[in-house]
Amino acid sequence: MPEMKYIGGYPEYMRELIKKVEKTRMKRKDYEPPAMSKKEREDTLKIHPDYAEGGKRKISVGPNKGEIAPNELADLLEAYPIIEENEVDLSRVDYDVDVLIIGGGLAGTSAALWANDQGISSQKILLANKLRHGDANSMMAEGGTQAADRPNDSPLIHYLDALGGGHFTNKPEVLQALAKDAPLIMNWLLEMGAIIDRDENGDFVERSGGGTSINRMHACRDYTGMEELRVMRDKFRNRDFQYLEYYPAVELLTEENGKVSGAVLWNCETGDYKVVRAKATIMATGGFGRLHIRGFPTTNHYGATCDGVILSYRAGAKLRDVDTVQYHPTGAAFPQQIVGLLLTEKLRSMGAQPVNKDGEAFVFPLEPRDVEAAALIKECYINEKGIITPTGMRGVWLDTPLIELKHGEGTIEKNFPGMFRMFNRCELDMRKDPLLVFPSLHYQNGGVETDPKGHTNVEGLFVGGEVSGGVHGKNRLMGNSTLDCMVFGRRSGINAAKYAKKAKKPGKLTLNHMKNYSSTLKKAGIKPERRAPILLPDYRGKAVLARMIDIF
Amino acid sequence: MKEKKSIMDRIAESNRSVTSGIDEKDIKNWVNIYIMGKAYKVPAGVTIMQAMEYSGYRFVRSAGCRAGFCGACATVYRKAGDYKLQSAMACQTRVEDGMFLVQIPFAPAEKASYDIHKEKYDTNVFYKYYPSLAKCVSCNTCTKSCPQDLEVMDYIQAAIRGDFETVAEESFDCIQCGLCAIRCPAEIVQYHVAQLGRRMYGLYGCETPGHLTQRVKEIQEGKFDKDFENILKKNKKELEKMYAEREREKD
Ligand SMILES: Cc1cc2nc3c(=O)[nH]c(=O)nc-3n(C[C@H](O)[C@H](O)[C@H](O)COP(=O)(O)OP(=O)(O)OC[C@H]3O[C@@H](n4cnc5c(N)ncnc54)[C@H](O)[C@@H]3O)c2cc1C
Ligand code: FES
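Chains E and C, in that order, are what the protein sequence lines are. Number 110 in the numbering used here belongs to position 110 of the first sequence; there are no gaps in the numbering. Number 1050 in the numbering used here belongs to position 50 of the second sequence; there are no gaps in the numbering.
Excised from the complex, chain E in its bound form (with noise of 0.2 Å):
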């Protein structure tokens, strides 16, 4: 069969229908919808997968048990382990140390560099990672971080805004070290040598994001989170850490009185396993984009699969705003190469409008996420002005052309090289061409329970970043997680040094909670079909699928 004819990386059909985005322009150039009314928001917000029907169910076991999570996170909290007792030898252990971190993102690296700060030995530190150190959802932050550090901006107005974005819910304890720990998270950067986009008098450039009242949002050209991590990452390296990678956390483990004590780790490569004992141990596993809830597509990276939620809350930890997850309006819809991937929210800060297949725009650009992504939905699904692409997604467009009519020509190479040479490679030309969007599966909201110290409910267990819960409430502002990352993971790290060098030597390492989990799961009637974590998502073809063996 031959191939579909492209022009300028689309296909001809849809080249037809861009000329009618290219025909309304120059007039929507000095035209935007207007913001919505709260009737008209709650009315479309009715389509959001949070709030749409199904989806949701209540956990049947565990300290939640009763409250609503997305089904996906549900079935993986009913879920059986991977690992049985009798496999795993614990009287030998292999790593004996003070802080167990989980994860290598910016919480968990952050929280390495401060535990060490604080005085303990890189040596009796490790940094476990199931994929490389770096490989992490922190690399791909594009839009910024914020932080409340000029004359007319203060960490309450800062405060303020995070809360009104989190409908209230964010605990405010915990949100209050977020914005207070800010300016600092940002002085902790530049004495790194982070590079931050400054202006000609050297001051930041900062701008404005979904949800904030005062431009406080710290950019790194498009490659934030990448400058941020590499540059911890570095001095990480420098100070000769223990580390693994391609070492997943499979288990945690506790003492008789449930105390976390470390955890069991799996070589994902020749499948053997390696016993730490710990005397704090800090969970930075991120989130769950991975799980694709409600079959959308994410942004996130290959190993966001919500291995740290489902560790801790078999360990006993309490989770909070499960229930809500947040869906990034603007994922790539075409080409399927990247379909999923994140079109930052900047774009529409700097001009970039969603357009239909008629186009017009319909929706304010910068809605709340949740009420933008909505609004996307419905365009496509209810009043049926979606593009379909040839695989059968559907996307309105994104008018990124409308960036340099507004602020000249050469803006998007400037302030967006990532994603330029993103779609060149995909023959596409963003600064000539509308982009097609979807929104897609971008960050979990939620996660275990923290307080301002990093401190889980659980004896021993701290967490750091997209694996916590708290400091976001129900809803996350855009640069407030790479932030949360910075703050938590270094409270999380001084307080985990303090605990340490308090504690005791750790007791007898059992499987305790592991065994009580599944016979709760037993009596609660569930099969054990399904087993936790998953670690990484299968995307092997399903015809191949269908005739493999498993001999070795």
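Hints listed in this document are in silico derivations from the structure and should not be mistaken for laboratory results. Since the structure is predicted, the reported quantities are computational estimates derived from the model, not experimental observations. Glycine included, C-beta positions come from ideal geometry on N, C-alpha and C. Incorrect hints may appear among the rest.
Computed footprint of chain E on chain C; a stretch qualifies when at least three of its residues, placed anywhere within it, have a C-beta under 8 Å from a C-beta of chain E [claimed, not checked]:
1) 1018-1024
2) 1132-1146
3) 1207-1215
4) 1226-1235
5) 1241-1247
Chain E is fixed; fit chain C with the ligands onto it per the hints.
Coordinates of chain C with the ligands only, in the frame set by chain E:
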């Protein structure tokens, strides 16, 4: 108006190839490729990474962000009838008919250990930690191998001159995949040199904004503590009112 299938079901269905693996019956166009020497027929239009998955590979290594940021998926390939070895990121590059593919799981390049706070801001810092820099023969192989299209050789030359700003500017978009170092005949580890250069430039070449220093001082002096105490005492209604009355800065 009741639809047969809910909107959410329809969305899930149209995304299936991305969320749970490609089904043969959905494919219209095919290409033939070779993965580590074996021939496979795979869907046209997908990335090298997706093509390998379609063929039955489940990645443990060599897949990270899946979006061109982390540098985990460096790939070397050759096209049928072409002698040239080319390189790319598997998550960012579409398969083409006749590609011979191999993935590079790991670049065992050495990273020097240093403390930027103890170094002087001049070119010697590069030579001290990466002496192979002196061996650069300006062959430009690094630049040609860069999947980010960076001017790698230019920033290496800038490092030799001690021009930190150019090193930082030119190398900023580096995803540290290691392809440059693997191909360099002089065994320079370009991406580590760049990391050192950027951190030095960030620390010594850029000033800390005065407004940040001022704010840090204020926080340390407890300037906002009282106000936070008050705001933490407010009930939801009062907070909602404060939120609604915030003043907005113009962009
Ligand atoms: C595309 C994208 C853009 C974003 N843009 C922004 C932005 O502009 N501003 C902002 O503030 N936020 C942004 N975010 C959100 C933010 O980047 C993340 O929430 C944050 O970086 C998460 O950091 P983390 O350290 O908690 O987790 P991660 O960075 O994901 O790190 C967790 C690490 O733990 C590893 N891991 C997982 N399970 C295990 C296990 N069982 N054992 C060992 N290791 C494990 C993972 O592989 C990973 O390496 C963005 C996110 C994405 C995906
Ligand atoms: S997987 Fe991260 S760059 Fe390809």
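Here is how each hint holds up against the structure:
Here's how the region 1018-1024 of chain C fares: 7 of its residues keep a CB closer than 8 Å to some CB of chain E, so the rule of at least three is met and the hint holds. With 0 residues having a beta carbon nearer than 8 Å to a beta carbon of chain E, the region 1132-1146 of chain C misses the requirement of three or more and the stated coverage is violated. Interface restraint, the region 1207-1215 of chain C with chain E: holds (9 residues with C-beta to C-beta distance below 8 Å; minimum three). Closer than 8 Å: that is the beta-carbon criterion, and the region 1226-1235 of chain C has 4 residues meeting it against chain E, so the requirement of 3 holds.
For the region 1241-1247 of chain C, the proposed coverage by chain E is satisfied: 4 residues have a C-beta within less than 8 Å of a C-beta in that chain, meeting the threshold of three.
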